[in-house]
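Taking the hints into account, I'd like the entire structure generated from these sequences.
Protein chains: 2
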Amino acid sequence: MQGFFRHYLSVYRPLITKLNVLLGEYDLSYSLWQVIFFVKNNGPSTLVDISSHYNIEKPSITRSVHRLEEMLLVKQIPGKDRREKIIELTDSGEEIYQTCRAKITELEHMIMKDIPENMLEAAFQVFPLIRENLNNKEGK
Amino acid sequence: MQGFFRHYLSVYRPLITKLNVLLGEYDLSYSLWQVIFFVKNNGPSTLVDISSHYNIEKPSITRSVHRLEEMLLVKQIPGKDRREKIIELTDSGEEIYQTCRAKITELEHMIMKDIPENMLEAAFQVFPLIRENLNNKEGK
DNA sequence: AGAGTATAGTTAACCTTGTTAACAGTTAAT
DNA sequence: ATTAACTGTTAACAAGGTTAACTATACTCT
Chain A
1 MQGFFRHYLS VYRPLITKLN VLLGEYDLSY SLWQVIFFVK NNGPSTLVDI
51 SSHYNIEKPS ITRSVHRLEE MLLVKQIPGK DRREKIIELT DSGEEIYQTC
101 RAKITELEHM IMKDIPENML EAAFQVFPLI RENLNNKEGK
Chain B
1 MQGFFRHYLS VYRPLITKLN VLLGEYDLSY SLWQVIFFVK NNGPSTLVDI
51 SSHYNIEKPS ITRSVHRLEE MLLVKQIPGK DRREKIIELT DSGEEIYQTC
101 RAKITELEHM IMKDIPENML EAAFQVFPLI RENLNNKEGK
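Going line by line, the protein sequences match chains A and B. Anchor point for the first sequence: position 112 equals 112 in the UniProt record's numbering, and the numbering is continuous, going up by one each time. Anchor point for the second sequence: position 110 equals 110 in the UniProt record's numbering, and the numbering is continuous, going up by one each time.
None of these hints come from the bench; they were simulated from the model. Please note that the accuracy of each hint is not assured.
One copy or two, either will do: identical chains are not told apart, so a pair holds if it fits within one copy or between any two.
To be verified - No more than 20 Å apart at the CA atoms, straight line, and that leaves these computed lysine to aspartate or glutamate pairs for DMTMM-like:
#, residue 1, residue 2
1, Lys75, Asp91
2, Lys113, Glu132
3, Lys18, Glu106
4, Lys75, Glu94
5, Lys40, Glu84
6, Lys18, Glu132
Structure representation (C-alpha cells):
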C-alpha cells in the first residue's frame with residue numbers, strides 16, 4: 001500500500017483545476033464555493049464557524065466573505081452578539097448555489113464513469129476515516 | 001455518491017500540511033519532494049520530463065530545480081542536446097530521499113491505521129481511474 | 001548551406017490562497 | 001470595574017502556481 005499519498009495527490013491538481021474552470025464561469029473558485037456551500041448547508045453562520053470547520057484561518061475567510069459580499073451572493077444579518085458577523089445567502093446566492101451544485105454533480109458523474117460501484121463506495125467511505133486519523137495524530 | 005469531491009478534498013489540506021511539516025525538517029516541501037521523487041524513480045531527467053509528468057508549467061519546475069541545486073540535492077549532468085538540462089540526484093540527494101521516503105511510508109501507515117484492508121485497496125485503485133477520466137474529459 | 005521553425009530553459013511580473021502579528025470593538029468573568 | 005477572552009479586520013508576507021517574452025540550441029527542408 002506504499003504510494004497511497006502519491007496516488008491520492010496525483011488527482012488533486014487535475015480535479016481542482018476542472019472545478020475552478022467550472023466555477024470560473026460564475027466568477028467563483030473552489031475556495032469561494034466552500035463558503036457558499038457551508039452557509040447553504042449550515043444556515044446563517046459566523047466567520048469563525050466557517051473558519052473552524054475548514055481549518056482555515058480567519059483572515060482567509062474574511063477575504064472570501066468580502067468577495068462574496070461584493071458579488072452580492074451573501075449578506076450580513078443582524079445578531080445579538082455585536083462582535084459576530086452572521087452571514088447567509090442572498091437570493092442570487094441561492095440561485096448560483098443550485099446551478100453550481102448541479103454542474104458539480106454532473107462533473108462527479110462524468111469522473112466516476114465506468115468505475116465499479118463497490119470501489120467508489122469504498123473510496124467514499126475511506127476519506128472520513130483518513131481525515132479522522134489525520135486529526136487524531138494532531139492531538140497526540 | 002454525491003459529495004465525492006467534497007469528501008476527497010476535505011482530506012487534502014490536513015494531509016499536505018502534515019507532509020510539509022514532515023518534509024520541512026529537511027527544508028523541503030511537497031513540491032520539491034515531487035521533483036526528487038521523479039528523478040529518483042525515472043533516472044536522469046530534463047525539466048520538460050518533470051514538467052510534463054506533473055502537468056506543471058516549466059517556470060515552476062525551473063524554480064524548484066534551482067532550489068534543489070542550491071541545496072546540493074540535485075546536480076546537472078552533461079547531455080548531447082545542449083538545450084536540455086539533465087539532472088540527477090547527488091549523494092546527499094539520495095540520502096535525503098531514503099530518509100524522507102521512510103518517514104512518508106511511516107506516516108502512510110499511521111494514517112491508514114484501523115482502516116479495513118479491502119477499503120484501502122479499493123481506494124488505492126480508484127485514484128488512477130479517476131485521473132484517467134479527468135484526462136479523457138480534457139481531450140474531449 | 002542557410003532560412004525558418006520548433007524546443008528547452010530562464011526571467012519577470014502576476015494571481016490565488018494560505019499564513020502570522022497586531023489591533024479595535026464587544027462581551028464575559030471575577 | 002477591570003481584566004480577560006473572543007470576533008473580525010488589516011497589513012505584510014510566503015508558497016506555488018500561471019503567462020508572456022526572451023535566449024540559445026537543434027531540426028527541417030528546399
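Treating 20 Å as the Cα threshold, decide for Lys75 and Asp91: within, between, both or neither.
within (10 Å within a copy, 57 Å between copies)
State whether the alpha carbon distance between Lys75 and Glu94 is at most 20 Å within one copy, between copies, both, or neither.
within (12 Å within a copy, 54 Å between copies)
Identical-chain pair category, Lys40 with Glu84, by Cα at 20 Å:
within (18 Å within a copy, 51 Å between copies)
At most 20 Å between alpha carbons: which applies to Lys18 and Glu106, within, between, both or neither?
within (12 Å within a copy, 32 Å between copies)
Within a copy, between copies, both or neither: which one fits Lys113 and Glu132 at a CA-CA cutoff of 20 Å?
Between. Shortest inter-copy distance 10 Å satisfies the 20 Å Cα cut-off; intra-copy 28 Å does not.
Intra- versus inter-subunit Cα pairing at 20 Å for Lys18 with Glu132
between (27 Å within a copy, 13 Å between copies)
Violated hints: none; the structure is consistent with every hint.
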